[in-house]
Each structure stands twice: as C-alpha cells, then as structure tokens.
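Asker: Given next are the chains, with one letter for each unit.
Protein chains: 2
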Amino acid sequence: MANTTESSNPNLSNDEWCTEINNGAAFGLKIKKKLATKQSDFQLVEIYETEEFGNLMMLDGCTMVSTRENFLYHEMMSHPALFTHKNPKNVVIIGGGDCGTLKEVLRHPNVETVHQIDIDKVVTEMSELYFPELCESNDDPRAIIKFDDGIKFMAEAKDNSIDIIIVDSTDPVGPGEGLFNHAFYRNCLRALRSDGIFVQQSESPLLHLPLLKEMRDAMLDVGFSDLQHVNFPQMIYPSGWWSSTLAKKSGAFEEFRKEDADKAALQWQLNYYNSDIHVGATALPNFLKRAFV
Amino acid sequence: MANTTESSNPNLSNDEWCTEINNGAAFGLKIKKKLATKQSDFQLVEIYETEEFGNLMMLDGCTMVSTRENFLYHEMMSHPALFTHKNPKNVVIIGGGDCGTLKEVLRHPNVETVHQIDIDKVVTEMSELYFPELCESNDDPRAIIKFDDGIKFMAEAKDNSIDIIIVDSTDPVGPGEGLFNHAFYRNCLRALRSDGIFVQQSESPLLHLPLLKEMRDAMLDVGFSDLQHVNFPQMIYPSGWWSSTLAKKSGAFEEFRKEDADKAALQWQLNYYNSDIHVGATALPNFLKRAFV
Chain A
16 MANTTESSNP NLSNDEWCTE INNGAAFGLK IKKKLATKQS DFQLVEIYET EEFGNLMMLD
76 GCTMVSTREN FLYHEMMSHP ALFTHKNPKN VVIIGGGDCG TLKEVLRHPN VETVHQIDID
136 KVVTEMSELY FPELCESNDD PRAIIKFDDG IKFMAEAKDN SIDIIIVDST DPVGPGEGLF
196 NHAFYRNCLR ALRSDGIFVQ QSESPLLHLP LLKEMRDAML DVGFSDLQHV NFPQMIYPSG
256 WWSSTLAKKS GAFEEFRKED ADKAALQWQL NYYNSDIHVG ATALPNFLKR AFV
Chain B
16 MANTTESSNP NLSNDEWCTE INNGAAFGLK IKKKLATKQS DFQLVEIYET EEFGNLMMLD
76 GCTMVSTREN FLYHEMMSHP ALFTHKNPKN VVIIGGGDCG TLKEVLRHPN VETVHQIDID
136 KVVTEMSELY FPELCESNDD PRAIIKFDDG IKFMAEAKDN SIDIIIVDST DPVGPGEGLF
196 NHAFYRNCLR ALRSDGIFVQ QSESPLLHLP LLKEMRDAML DVGFSDLQHV NFPQMIYPSG
256 WWSSTLAKKS GAFEEFRKED ADKAALQWQL NYYNSDIHVG ATALPNFLKR AFV
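Top line first, the protein sequences correspond to chains A and B. What the first sequence shows, in my numbering, is residues 16 to 308, in sequence order. What the second sequence shows, in my numbering, is residues 16 to 308, in sequence order.
Warning: the hint list may mix true and false statements.
Same chains, same names: a pair is fine if it fits in one copy or spans any two.
[Said to hold, decoys possible] As a list, the in silico DSS-like pairs of lysine-lysine whose alpha-carbon atoms are at most 27 Å apart:
#1 LYS136 to LYS48
#2 LYS278 to LYS48
#3 LYS273 to LYS136
#4 LYS304 to LYS278
#5 LYS273 to LYS48
These are calculated hints, taken from the structure and not from any lab test.
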C-alpha cells in the first residue's frame, strides 16, 4: 500500500477500471484502454491494456487472464498432476482457450498428444493476438486444438484412452456449467486409463466452499477413488486464493516425481512451481480438513 | 463468480463500497453501513458492517481487518514463529492494536508475558467494540497492553530480554514508517535473546517485491543470522497474497516443534495453521528464490 494508497472509498468509475464483483467483494484493475471487444456465440470477450498488469482478458464481465500473474494459475493447473502421474502421454484440456495450460503441459517431454477442446474460438484468437507468450507452443505437432463442445468430446472419448484430463473452464454458470456435474465426471472417469488423473479448477476455498464440496462429492459419487486439493494464489480471481482438485481413477494419491519436478522447475525456468510448492499447495488448512471429512 | 457476477465495469459508488487501491489494483467490500469513524492522533479509524465479511476496520483508507478472514493473518503472524522457538516465554508485539495477534500468542502455555505496544489507543478501543472475539484474551494476566511508540519501546528495551518480537504494523507509510529501517531492526536484534526470533509482516510477494527485498537486506545488514519467508492468503490485502519474514538472532532456521503444532491446531481449533501449512508456507516459489539470492 506504500505508494499508491488513495483516500477511503474511491469511486471506480466505469471507464478507468475493469471490476468483477463476487460474494460482496470487488476486484478491479486500472486500465489504460480497451484493446478489443467481441461478442462470440458464447460470451462477451473483452481485452484491456491495464496500468500495471499487462493485458487483461474479461469473459462475460469476469476477470480471466492477465499478463503479469497468469503463471500462477497455468503452472498450478498442470504441473502438480503431470508430476504426480508416472508417465503422462495423452492429455486432454477441456476449456483452456487462452492456451496457457497447453503451453505448460507441452513442456513435459513424455507427453505425446494434447487435445485442447474449447468451445469458443474467439478466446484463442484473442489470446494469439494479446497474449502471444501463452500461445507460443500452439504449433507444437503434439498439440491438437479443436473448437468444440467439451461435454460432447468427453461423451464420445474412447474408454481407457487418456492419462490426464484438465478442466480449465470458466465458472459453473454460462458456457462452463455442464463441466461440473455427474454426467460429465462419469465420462471423464470412463475415458481415463486406470492410473489416470482428472483435474478441475475448483474455485476459492474461502468464498466457494459449498460449491467445492459439491464438486468433491460428485467426483467421489461417480467413482473416483481419491481426491487431492491444491491451493494457490491467484490475484485476479475472487479472494485472490484459488484451488484445483485432482481425482484419481484408482488408488490413492501418494508420491509425486519430486526429482523430475525440481529439475524441470530449473530447466524450464518456471516462475512458481517446484517440489516444495507442490507439497505446500496440497497442505490442508484446518477449516478445509473439517469441511472435507 | 457463480451467483453474484455482474456486468463488466460496475460502478463502485462511494456509499456502498469500502475500496483500497494499490499498484493499479483495487479491492473492495460491499458495505451495509458505517458503524463508527474517529480521527485519532495518528490516523483515520473507520468501522463498517459489510454484506458478506462481517465487520471491517479501515485505517487511513486501507482495509485492515475483517471478521470473516482475519484468522489467516493472525494465525500466520504468530504460530510459525512461536512453534519455531523452542520455548518462547517473553513476547513483544509492536502494533497489533486489534489484539488478534495477541490472542493467538496467548494460546501458547509456555508464554509468560506479552507486551503489546501500539501507538494508537483508538484502534484497540474500536476492536473491543466491533471485533470482541479478537479481544477476548485482553484480560489475561500475562498480557501487558500499552499505548506507546513501538520505536521508543524497542530503543529502551533491555539487552537479551525478549524471545520473540512480532511487528504487526501498517505499511511503511504513516505511523508504521519507522518500523522498517536499520535503526529499529538494530534495537530489536539487541533486545532479543540469543535464540530469539524477529517477525515482521512483509507485504505482498507479488506486488511489493522491491520493498520485501529491502527489508530482508536491512535485517541481514544489522546482523540477523538467517531469514525465513512465510506466505499466506490474505484476501483483504493487496493481491490477496501476503507474507511475513522471520529473522533469527543467531543460527539458522531448521526444525520447528511439529508435534506441538499439530496438537495445538486441534486443541485450539485453529482455522488455518497446522504443521503441514507451516511447511507449505515456507516453500519458496521460483521467482522468490531467484529474487532472494
């Protein structure tokens, strides 16, 4: 707060701030100018240049991606699962249209194919223009980028054909709604190989605990054998504290490939993830321990 | 974002929101009504009832404490240091006028005295009225609550007389300014016993890295022998991601009292802290590892 504190209750007027309101809390970034707007078939996609955070993508009025701090989300949606699986070869990303998760997954040399299935082509087009650093692996021959319905894709996926499924979606309203229910989870479970891992962004532990518990219950209901909660900071999402939930098709979460993780963290010059962060992110605060019983 | 998302760029009008702006980012809580305002000799103290976060204290326009999520800050400013020290008997809190850190420190049965030195009596008076749950240990006979200048208090403190000093202050502007410099650190070092630990809130790793590095350099300059960085979520502070820095008078940070920590986490029904959280909070993201070299 050192340098830029202003008086109490500043007025965040419409043309200077991009603000998202959630659960009685507001988060906004100060903008220099709007760079692009497009109403796609699915949502309103807006791109702004901010004062301090590089570019910002908003989807239907929700802050989605900023240049400065997206590394937290993208590293933490990918590497914990990929370093937990012994040998992930075939990965599917549902959503993820900004291509940041895809880029992180493609860093893994054992990965042979990554399908990215986002319903909205406009998100990827905008990302290529305004977040080119997230799209720099889009031409990797292992990447198969499709613009299609992720629910349909998983319903049609072959049994026992995928090692890791990452649901990198918007919230359970609008286009992302069908990615948070029993029918979808059942298809994901069926399509995973026996040592497969399902990953879903699972909202704010502080603000969205009922939803988080509902997701966990649904995953266990359809037959996932074990869950692992992963915490990480994410400044532009409500509360600044976000999570993913990992679910195993069979067996329990035990060790991860610690040495590989640390070698990779150095070699790939990751900004956040390393093996200590992996262990730390899976530590459960007491209020979550009590809630997850 | 599920239930309360509004359209892009809502106007956060003055009378409905308490908002703090920092580094081109704004965070606000929706308020029901203002409960109290007082201009003290040092700062403007305001109390609001919020829609979703209980009561909120603002100091000079900065969000300081909310009922719903202050547990994160207060547990993490106290327990990591107190469970690292082998037998903390004499603790000093500089600042901390809301008494939340004091309450956590007083949970420790080995603690014999806790001096709380906050310059502003109004903060504590307001906390007693509007955050009574933070003040419920103020009458503990081990607590010595003084309203005085923390810089002077530390300048006058006896050599080798304190086990843990916790600087639970506002930011390095206004009343908190003199708590972030060599002269103050030198007095803290001198007043600590040889196995003593100094703790300071050290701002957002994401937003305030230059300041964080400056603080660390100053601590090492005056002769602290080892530092430990501690991360935790703190929704109402800029970026939602906050930190404390621990500094040892001699020796290096090694083990902490893990078993005691886990027993206490259960017995005291802590909401966040336990031994896994302790380990996780001290894990350094790669960008901090690189910055702290």
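Asker: Next, verify each hint and record whether it holds.
Answerer: Here is how each hint holds up against the structure:
1. Taking the shortest alpha-carbon separations for LYS136 and LYS48, only the intra-copy value of 24 Å comes in at or below 27 Å, while the best inter-copy value is 44 Å.
2. In the homo-oligomer, the alpha carbons of LYS278 and LYS48 never lie at most 27 Å apart, since the shortest distance is 40 Å inside one protomer and 53 Å across protomers.
3. When the C-alpha separation of LYS273 and LYS136 is checked against a cutoff of 27 Å, the pair qualifies neither within a copy, at 36 Å, nor between copies, at 50 Å.
4. Taking the closest pair of Cα atoms, LYS304 and LYS278 come within 27 Å of each other only across two copies (15 Å); inside a single copy the shortest separation is 31 Å, beyond that limit.
5. Taking CA atoms no more than 27 Å apart as the test, LYS273 paired with LYS48 passes in neither setting, with 43 Å inside one copy and 51 Å between copies.
In terms of the numbered hints stated before, the structure departs from hints 2, 3, 5, listed from lowest to highest.
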